[in-house]
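J.: So you can see what is in the structure, the chains are spelled out below.
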Amino acid sequence: KAGVTQTPRYLIKTRGQQVTLSCSPISGHRSVSWYQQTPGQGLQFLFEYFSETQRNKGNFPGRFSGRQFSNSRSEMNVSTLELGDSALYLCASSDPQGTQETQYFGPGTRLLVL
Amino acid sequence: AQSVTQLGSHVSVSEGALVLLRCNYSSSVPPYLFWYVQYPNQGLQLLLKYTSAATLVKGINGFEAEFKKSETSFHLTKPSAHMSDAAEYFCAVSPPFQGAQKLVFGQGTRLTINP
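Residue numbers (this note's numbering), protein chains in the order written: chain A, 13 to 126; chain B, 828 to 942.
A few of these clues could be false.
To be verified - Which residues of chain A face chain B? A few of them, derived with a C-beta cut under 8 Å, are: (1) S98; (2) L102; (3) F117.
Hints are computed from structural coordinates only; laboratory data are not their basis. Note that this is a predicted model, so its numbers are computed, not measured. Every residue gets a Cβ at the ideal spot worked out from N, C-alpha and C, and that includes glycine.
Start from the sequences, fold in the hints, and give me the full structure.
T.: Written out as structure tokens, the structure is:
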């Protein structure tokens with residue numbers, strides 16, 4: 013099976029702009045989670061989507077949003093970008109059959125905000 | 828709330844030596860525990876996970892970890908380090924509830940292997 017794919021891999025934006033990142037999960041996986049990785053804050057959970065519904069949410073401002081499509085692909089959007097949004101954004105997919113299934117991560121999208 | 832503490836942001840060992848990366852967790856209920864590895868410019872790769880079965884968990888690349896409830900620890904070990912083990916390692920915890928696809932990560936430990 014193909015792994016989790018994320019596009020684009022690299023992105024440069026300026027403050028105030030908005031950005032949309034895309035994640036395609038492993039075929040058959042219905043859950044997609046997003047994480048932000050920065051040198052200062054480490055890896056932080058943004059949100060999780062399952063069957064097109066947001067099921068869990070981390071502690072991020074409303075500028076960060078996401079959605080999931082019927083084919084389980086997910087997008088996350090960041091509006092009104094700030095310098096502090098520069099980070100590696102990681103997407104992970106899983107297929108929760110029981111209580112907790114392994115999350116498989118994509119390579120990430122590296123966002124630089126100037 | 829759950830949390831994870833990784834002792835030592837940097838660990839350096841010689842090739843062939845024992846690797847020990849420390850992880851302690853805080854959770855009101857027995858959690859699920861994971862170790863992930865991240866190579867430069869890549870995502871996270873699962874090394875191993877504990878989900879309340881055997882307390883000694885074997886993973887990929889010769890790594891293993893032991894869940895010790897009394898010490899709230901889940902330390903990662905490898906008997907003999909290889910140069911290819913140089914990477915950043917993350918310990919993570921998740922509540923054992925259905926639908927809880929949310930990982931809380933430690934700050935990471937950068938492992939350096941000296942020739």
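J.: Evaluate each hint against the coordinates.
T.: Against the structure, the hints come out as follows:
1. At a threshold of 8 Å, the smallest CB-CB gap from A/S98 to chain B is about 16 Å, leaving the interface hint violated.
2. Annotation: interface hint on A/L102 holds; nearest CB of chain B at approximately 6 Å, less than 8 Å.
3. Against a cut-off of 8 Å between C-beta atoms, the interface hint on A/F117 holds, since the closest Cβ of chain B lies about 4 Å away.
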